[in-house]
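Student: Protein chains in written order, with our numbering: chain C, 29 to 668; chain V, 11 to 658.
Incorrect hints may appear among the rest.
[Said to hold, decoys possible] Within a straight-line C-alpha distance of at most 30 Å, the following computed DSS-like cross-link-like pairs (lysine-lysine) qualify:
hint	chain 1	residue 1	chain 2	residue 2
1	V	595	C	546
2	V	402	V	449
3	C	210	C	314
4	V	191	V	334
5	V	415	C	93
6	C	582	V	402
7	V	298	V	449
8	V	144	C	131
9	C	92	V	308
10	C	538	V	98
11	V	64	V	104
12	C	445	C	582
13	V	502	C	643
14	V	315	V	452
15	V	104	C	130
No wet-lab data here; the hints were simulated from the structure.
This one's a predicted model, so the numbers in the text were calculated from it and none came from an experiment.
Residue-level listing of the chains:
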Amino acid sequence: MRILLLSLIFTTVVNAQTNYSVSSIDGPLKENANAVVRLDETIVEITAKNKMQVTNHRVITILKKAGENSIKPYAFYSPNTKITNILALVYNDQGEEIEKIKKKDFYDISAVDGGTLYGDSRVKVFRYTPTSYPYTVDFTYTYTTPNTAFLPRWMPIDDYMVSVEKSSFNMKIIESLQWRKKEKNFKDYDIINNSSKSVISYEMNQIPAQKKEALSPSFYYYEPQLMIALNEFHLEGVDGYAKDWESMGNWQFKSLLADRDQLPEHTVRLITEKLSGITDREEKIKKIYEYVQNNTRYISVQLGIGGWQPIAAEEVDRVKYGDCKGLTNYTKALLKSQGIESYYSVVHAGKSKLGMEKDFAIMQGNHVILNVPNQENDIWLECTSQKIPFGFLGDFTDDRDVLVIKPSGGEIKHTHKYLNDNNLQKTVGEMVVTDTGGITANLEIETYGIQYDKHAEVLSMSEKDKNDYYTEYWNNINGLSIGETIFDHDKNNIKLTEKITLSAQSYVTKMGNDLLFKPNAFNANKYVPNRYSDRKLSFEIDRGYTDNDEIDIKLPINYKLGKLPSPVIITSEFGNYEMSLEKISENQLRYKRKIQLKSGLYDKSKYDGYRDFRKKIKKYDNTKIVLSKIPQGQPTKHLK
Amino acid sequence: MSQIKIVILTTLFFSLLCNAQNYDFGKVSKEELIEQSYPLDSSAVAAYLYKYRKSYYVYSQNSGLSLVTEIHERIKVYDKAGFDHATKIINLSKGIGSAEVVSKIKGYTYSLVNGEIVETKLEKDGIFKSEFSKGMNQVKLTMPKVKEGSVLEYRYKIISPYYSSIDEFRFQEAIPIKRLKASMAIFDYFRFNQRQKGFLPLNPKTDRVMNNQVGTYDIVTSYNLVNVPALIDESFVSNIDNYRSGVDFEIVSVQFPGEMSENFAKSWEDVVATIYKNTSFGNELEKKNFFEDDLDNKLKGIADKKQRLKEVLTFVKDKIKWNKNLGVTAEEGVKKAYKSGAGNSGDINLFLVSCLKHAGFDAYPIILSTRDHGVQLFPTLKGFNYVIAGVKDGESYSFLDATEKYSMVNVLPMRDLNWFGRAINKDGTAVMVDLLPAKMSKEITMLNLVLDDDLSFEGSVKQRYSDYYAMLLRDKYNAETEVEYIQELEDKYSGIEISNFEIKEVTQPNKIINQAYEIYLDESIDDAGDKLYFSPLLHLSQDESPFKSEIREFPVDFGYPWEDSFIVNITLPENYTIATLPENKMISLPNKLGFFNFQISTLDNTLQISSKISFKKALISNDHYAQLKEFYRQIVEKHSEKVVLQRI
């Protein structure tokens, strides 16, 4: 009966919409828009904790080719999630139907991403070749699923350069089920709440398109989002209960993790042997972590509940591979065998820092790491990498709220931050300028934190790649040739030292009798963020860093040093910059430079100030000095 | 004499060395496990210790003829970065009612533990089968207990009902191969072609071997290679597979005793004839009456030949849009594509040929292999995946492709530019045609600037783009908004601010694009008290060489010949005199393949600078790489030289 009702609503909606002609779009919605979403409608009906039907109806007018990425012409399914209804219609600019794509015309392909070895997720996709622009695609599909652990979210803002006429969300939940909701970032937007006792219903209309701007924070921080969660839910054959993070953790522990940490005796014995004689707790944890790194590899297999439940530690022990869940759980089991408690922790991994909703427990995250309590200073372990140093996270999982799953329940904890001075790079060395205009140099680059993370890539490069990497790193030096490279990788202190010798035939510019050159050969900043006449969004310096450079420069003897630029000190709310050139002797200079960039979210009104700061850095980083040739005749004359 | 001896000796020595190792399945040695790095290339993260493939035919009453391929590979993992090689992906074609199948998968991982060899079997849970798409199944295997130093070994057998389609034999991979053995046995009843590619000497051996199952001879071609180096991709390479060593076999015809011979292909003529005979190729060229009136209308009153050629191209582009599918033949059929407005490259360009003929041109379909598909050096059917149109005038051809909106006569989408194609005559014969563009695509930039007292530059920019430059600019400009485009321009020439932007002829192909705007530049002058320094080409300077690698393995492929000219006029403030100017410079690569000319002069208080870089060939052989690198180094050096002004 209820399903019937739903399909009635559905049909009315489809028929009610009549005018998809392009001329009926309001002018302001066409500004900056590659596409206009005419309607984005989600209708959800939950009739039991393991029975949900979802209909997505999306009508989008593509104004130009670049808008085609926003069609979203796909519908995912799996053995348990079934598509019951799928249809796409195409209208011309007048709103007349020109093409009908039926279920059998959809391509049906595996939806497993390149990084995954095997999975049971599939996708139906349609393709349409536009014969002219603009045109409109009207795409509807319905699926049913027993999985209610994740409910559809409503995010009415679509994408950059896409405007929205109408976005709506309707969810009906059977009375016997308790649910919770969270409205996030609603306050700055015109959102209409039509909810009644029996239906959760929201809509938002006439959302203009937004241009993409450099350094703007991820959409996630400011877009409105509606999240709904059931207290009692179902996931791939497993029932669940959660009303807050504690109970969410409790359920995940009991249903997904408990008893999956058994290990064969011989492995326990092996580990015990390896740790014999070690008394320091942290040292033990490290040895076990290194054992995992040296004996396993990452292989991703996602099947049914296996998308959320780790394969048993015993299995990982046998084949020595697993995905993030399997390897984390395996490490946890090895630690447990030595009496060290640790917790499986769910995180939203990625370069932009998305955290768990602290006040709203919901199935979230795409990755798992391990939390080892260690008094005030928890140890976090990334178990999928064979290379990363013990206790280091990098920009994939740093500085965000994660769900730590303890036997007693879940808890939100925050991972390590790598900010500003933590991300240090020190460059010291000596550069010799030859009288033919070339240079030779010996350098040492020391890196920490996120800068370490980036530089450590060079450790696994082939000779050719390494050479190409450095010639690109110093692409400001023409005709650069790299000599010897020696790396000192200090994994204990999480620090990399690169020792490099190099030479270039023609670094210095000759002008008549003068030589002109930049003392900052090895770390000159060229970046100035884009100019916007009318910036709309705030901007972000995501992690900040500090660079310290100190280079001794030896000059050719038959040249005289011109006037040296005065030292520079710039302080700003975005960071600081210092630069100085000191004359050590007639033919020797010391170049010092320090740049500190402060992590933070800044108001758009400060953007021009930040640009100015970067422009100044660029200018002073590219400071040049002049050497003039000492006239050759003079010394001889003097001798007479 | 003594030289020959040495050769013989080394060969003997070599084969002795090789034979010392046992390559039977399961006979992994301790030496292989102990080895720390690949002896000839220490940067290799993994290597094939042994790579074996044997392909042959079997015949059975029930399932008829099938092609069997046996694979046996032994891989050494030296480094964690080589763990990717512990997973093997096997793609299996499938069709309606038939499919390739893989069987007898067997694998072991060998590792040294306390000096002992420990083997771990590949179990069923390490083997995954899935339907990848409608036309392909996939089997993936991932080896257990892999760690640094492990040796992995697996073997399997693929049985294919598609007996005329033999997968390429690949003899070179991204990791080195120590020892390779491969053989292809083909029934005497078959006639076949083989084509080799890459730079390795393959020295195949051919034997006639009695096949007792069918009672006839097999022609067995076998390969025996040692120490094949890894092949790694570089920038400016159109398709690395063009250089990868390997062999392709193609069945030309099959004649069983007492049956009619079935022809597939044998020479270029046969290949062409086969394609031509395909009803969705030849017949499509005959279909006419549905478009003639429309086209006649379009061409009414236009007599100029060049103009007519452009009009026909525009007509076809307007009528049928490309559905992104490649193909030599028509997918929909040209008539249907004409009606629906969409089709593949075959639909569109075969239709284009018909239209050209109708308009009085001597037009031919030209079949080719796109860049992604690799260069075809030997006649093969599957070697072609695309068709365009050619118009013959005297001995030369003009090329047309109507799949892309901004292509022009002789300016083709980049995917087409893959060395050469075959023009097909009506009688089914074919001639080879060179597809590499010969005409230079030009960019001309004129800057008129005034240097202000506050040391900023202000003035106007005029730019003109022709041929490929114009097509690529149109593709880019029309894919985004003008605001984005301008922003990217400011980004590309870091430090400039653009205003009063104007662009002409950008929404339609054919004409030269004119772009004009005003710019403001500061921070490009170094102020050293009484002297000022600046690079005379300002933001246009080539401040970085695209060729920084020490060595290069493959030719540099620019796509098309090109010329960039900059003409800069700078009006100087009155209170300065010119102290020093860079010197003029002219250099070229051998045969004027590349050319650079830099001229600077003064007139009253203006500076006049012109700089020109050109390459007259699209493809520069890697033999010239060292010269090319030096050529660019000198350009960058010249462009970085400063003008010095003295304050009065």
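Student: All the hints need checking, so say for each whether the structure fits it.
Tutor: Against the structure, the hints:
no., hint, in the structure
1, V/595 x C/546, "holds, 24 Å"
2, V/402 x V/449, "holds, 17 Å"
3, C/210 x C/314, "violated, 40 Å"
4, V/191 x V/334, "violated, 39 Å"
5, V/415 x C/93, "holds, 12 Å"
6, C/582 x V/402, "violated, 66 Å"
7, V/298 x V/449, "violated, 34 Å"
8, V/144 x C/131, "holds, 15 Å"
9, C/92 x V/308, "holds, 27 Å"
10, C/538 x V/98, "violated, 57 Å"
11, V/64 x V/104, "holds, 21 Å"
12, C/445 x C/582, "violated, 40 Å"
13, V/502 x C/643, "holds, 16 Å"
14, V/315 x V/452, "holds, 24 Å"
15, V/104 x C/130, "holds, 24 Å"
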